[in-house]
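> Keeping their order, the protein sequence lines are chains A and B. With the numbering used here, the residue at position 408 of the first sequence is 410, and numbering never jumps. With the numbering used here, the residue at position 31 of the second sequence is 43, and numbering never jumps.
Keep in mind the hints are simulated off the structure, nothing from the lab. Treat the hints with care, since some could be wrong.
[As the list claims (entries may be wrong)] With a cut-off of at most 30 Å between alpha-carbon atoms, the simulated DSS-like pairs for lysine-lysine come out as follows:
(1) A:Lys24 - B:Lys30
(2) B:Lys103 - A:Lys339
(3) B:Lys103 - A:Lys89
(4) B:Lys18 - B:Lys80
[As the list claims (entries may be wrong)] If you want the ones that stay clear, here's a sample from chain A, every Cβ over 10 Å from chain B, calculated:
(5) Ala32
(6) Ala62
(7) Phe156
(8) Ser170
(9) Glu174
(10) Pro187
(11) Gln226
(12) Gly232
(13) Tyr332
(14) Gln367
(15) Ala445
Yeah, the Cβ is synthetic: ideal placement off N, Cα and C, and Gly gets one too.
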Amino acid sequence: MSAPVLDQSYAAVMARKNEIMKASLGIDFADFIQSPIAFDYERMMRETGYSLEEVARIQAGAKVGNTPLHELTNLTEAVRAFAGPGKGATILVKDEAANAGGSFKARRASISAFEARKKGYLGVATATSGNYGAAVASQAAMRGLKCIVLQEVFDSRGVGQPEIIEKSRACEAYGAEVQRLSVGPELFYQLLITLERTGFFNASLYTPFGIRGVETLGVEVAEQVRKRYGKDPDAVVITHAGGGNLTGTARGLLAAGCTGARIVACSVDLGGLHMASDHDFNRKSFTTGHTGFGVPFATWPDRVDVPRNAARSLRYMDEYQLVTQGEVFYVTELLTKLEGLERGPAGNTSLTAAVTLARQMDRDQIVVVQETEYTGAGKHHNRQLSFARENGIEVRVGDPRENVPGRTIVIPERLEQVRGMVQDMDKLRASYLRNAAKVLPAAQWSQGDYQFLAEDLKQDADWVRRAALDLD
Amino acid sequence: MTMIAKGTWVEIERVLLKPEERAPNLPEDTRSTPYVLRISGFLQEDAELGAEVTVRSLIGHDHAGQLKVVNPSYNHSFGATVAELLTIGAKA
């Protein structure tokens, strides 16, 4: 705690970013960086020092993983009731709420906490308003590490988002210090100051440790589906925000030899709301799993708290569905009533897309929803809807297509109105390339850069060359 | 004013960045507000509400700020019933 007094201005702290990151992670990213664009992603992932088997072993000893996979018989039947002839795939859900900490994020936190302990750090720090905070706090508790969680909680009126208040409570319950902050991207600035002052390990969501930790989720999905149904899943739907859930799960599926499953991302549509806006902050009924994170992180992963992001969603994504807030709340209620399973709304984002997919897929096919999250006061669809009303948002029953983020939440009348909206993947890929061109103009891209971009976009180098010609 | 005893669980507030010190490229509504930290801890000296104090957090770290709340509690809830949810999937 006795660091020399350094300049604490925003610009000065941000300028120390790389050295702070290096000290707080023990990873020298320079080892892997090949150009302003390219880096050796696979070598970086390999050199975490943990094999998939070791990750699974660490997690088994930390109350993480081997969560149940449930068949949602009644929801599947409800979809089949209006799906066309021969349509209506079986919907399965991986009950990740069973992990210590109440969400799949425990998989990421478990490896970071293990690494921090192994390297002799006294504590871990993380900046997150999501389930990851509780996951890190829970893992730190069982490893005897101190824990600091920084959260963006309240607007300038002092009004906190109910879901994030619940996460503050959970983190404190696990013995963590919780720094509750007002709206703004300076959360990262405060994380840097905290890491510098404390010398704690940076339990970033985006390190190779975090992503390797999710790979077991993909492996378990493949193995559980094979054991019970004698075949691979046809589609796996993954709630998408920062990209780690999708990246880790897809890598796990591939590691298990499950190459045929369609990887479908899903986010809640919050189009039109500004993520750094004080006014918009409490007009959102979802604090994560939404397009405010999902689109920017897909189209430029390296906007995070580490120099190169291990979560690279477009590398693995086949399809990207958007759903509305009202659709997710409807499906959350339906899961409770039809399946007797009460889970948090954010985790049900991918379940909502699965309804749409199951309707289009054949009856003998399988679609897997790979997570659930815990629910409780604040972190509940009834609270999100009542809070929306308190903040002047219209909440009504009707056609979800009339949804306007920040103004109107429309709860569907019938399940068949849950339709989602497919995103244009090529548009997303082009947006990624435009962001890459901001880092290094396309005219200066080397052979290696093209190869890297192709891999990062799940395309070939010729596709990237053609697309690069169309950039502004 | 009532004196709050040393050792009491309290919440403090501190401005980390004044509006003019904040990150560039913020939307206008955010840029006009300070960047604020709230944190809970055990009060390190007897003090009155509103005083500049130091608290010790759950992990034993000290933080300075203005004393705002005595015995801060969580009172978040499930909210007022949203009747529109009750009929979804109901058997009636």
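> Mind listing which of the numbered hints don't hold for this structure, in increasing order?
7, 8, 9, 10 and 13
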